[in-house]
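Number of protein chains: 2
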Amino acid sequence: MKNIVLIGSGNVATHLGLSLVNKGYTIKQVWSKQLKNADILAEKLNSTSTDELKNLKNADLYIVAVKDDALEAVIQQIKVNNILHTSGSIGLEVFDNKCKNYGVLYPLQTFNKEVSLDFSKTPICIEANNEMFEKELLNIGNNLSKKVVKMSSEQRKQLHIAAVFACNFSNHMFAIADKILTQSNIDFKLLLPIINQTVKKLNKNKASEVQTGPAKRKDKKIIESHIKKLSDKETKEIYKLISDSIMNKND
Amino acid sequence: MKNIVLIGSGNVATHLGLSLVNKGYTIKQVWSKQLKNADILAEKLNSTSTDELKNLKNADLYIVAVKDDALEAVIQQIKVNNILHTSGSIGLEVFDNKCKNYGVLYPLQTFNKEVSLDFSKTPICIEANNEMFEKELLNIGNNLSKKVVKMSSEQRKQLHIAAVFACNFSNHMFAIADKILTQSNIDFKLLLPIINQTVKKLNKNKASEVQTGPAKRKDKKIIESHIKKLSDKETKEIYKLISDSIMNKND
Chain A
739 MKNIVLIGSG NVATHLGLSL VNKGYTIKQV WSKQLKNADI LAEKLNSTST
789 DELKNLKNAD LYIVAVKDDA LEAVIQQIKV NNILHTSGSI GLEVFDNKCK
839 NYGVLYPLQT FNKEVSLDFS KTPICIEANN EMFEKELLNI GNNLSKKVVK
889 MSSEQRKQLH IAAVFACNFS NHMFAIADKI LTQSNIDFKL LLPIINQTVK
939 KLNKNKASEV QTGPAKRKDK KIIESHIKKL SDKETKEIYK LISDSIMNKN
989 D
Chain B
739 MKNIVLIGSG NVATHLGLSL VNKGYTIKQV WSKQLKNADI LAEKLNSTST
789 DELKNLKNAD LYIVAVKDDA LEAVIQQIKV NNILHTSGSI GLEVFDNKCK
839 NYGVLYPLQT FNKEVSLDFS KTPICIEANN EMFEKELLNI GNNLSKKVVK
889 MSSEQRKQLH IAAVFACNFS NHMFAIADKI LTQSNIDFKL LLPIINQTVK
939 KLNKNKASEV QTGPAKRKDK KIIESHIKKL SDKETKEIYK LISDSIMNKN
989 D
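Chains A and B, in that order, give the protein sequences. Counting in the numbering used here, the first sequence runs from 739 upward without gaps. Counting in the numbering used here, the second sequence runs from 739 upward without gaps.
Calculated from the structure, these hints are not laboratory results. None of the hints are false.
Put simply, identical chains are the same to the list, so a pair is met inside one copy or across any two.
With a straight-line cut-off of 30 Å between C-alpha atoms, the simulated DSBU-like cross-links for lysine-lysine are: (1) K958 <-> K817; (2) K774 <-> K959; (3) K942 <-> K774; (4) K958 <-> K978; (5) K974 <-> K954; (6) K838 <-> K959.
Computed from a predicted structure; not experimentally measured.
Work out the full structure, taking the sequences as your base and the hints as a guide.
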């Protein structure tokens, strides 16, 4: 399965495509709804581009790495065998009765086109509709990453929800902190050691057991004074709700 | 200022005390409300212990590292010169008219007694009521850490609020993720690469500019399906509020 058509040109498609080419795979074609985006990624991957799903080239494998809310519509328009998607949220059953061999290859990572990362450290979750195809996907997964696990659609969905909290929501907490500091003319970089220590603790400790801060101490006076100082209603609400949640966990 | 009395025996007092002793300072005495806690820390610091604020020994410097909600009451009972507190939330003015030289030495870090850390990488924020004492505190700060900054009470309070979001709240996001995974029998360690990448991005990028996930993509179908799958009302509310906040930022 060395010849691949890549359907998608976003963050996941970009990093997955680059990593596959790096490992000796050939991306025969890149599809994107916007031809310009397909062109940009195709150039990076030494590939060709199209914006027509009915003009896909013959290949050993078709990888659909499009936004979750576009996935089903894209799949409806493709008549191929050996197909997989890369979504954490969408089950294997999205391919049911559409082809013989299908699966999921979910790389558990936060991808930004412009930010480099070490794909070999990205866990990959594999699922397939038959043993033969599962073996193919495990093979590809093992070429890309040191950590490949088989996982059911139901487990993968839970993992994706957990990743939203652990990655997307924690990043938003960093963004709020950044906004507060910018308003006070303080360098965000001052926070990097405390953020690094928070994450380092996770290697050996359960997060709930090493929680610190005013909410952990149930210091309601400080909590009130912080909420008072925040400038917008939404951030006040977030502060209050998360502090309450930390306090509830420590009853 | 080599002889210090340490008032407090919690997470901050423990790490600060250990770091001071490491740098050649003498902790003459440790006070705690619970004599047992003073004993435990005093043993680690090769010091003596007391639970009586009126029996404090003579020293060059008194460091008050108690919970924020106890700070004022503790200070009321101490009649000494050369005193500082270690709180991010409480202003310098808590010492006003109580002694000649006073200040703040705020180490911006998440401290757990049982988790080791490199104090030299912990930023220290300094404030004092006069230049002479400020110089003393800068001197101590520079002995303990590579990053010492002068900061007003008002800026320090904003920094503390930002740190609550960046550290305490992000850690709670990790705790929620852990709970979701535990319920589904999935190893939390699978999330460490995505968490590490999220934090690594902060070295070169603004958090708001490298946000990823369903809310960033405004994928309301996935957001709804995630909220539906969460087991308790509070976690649903947190998911909804933070997702809304991410979506608002990307209008």
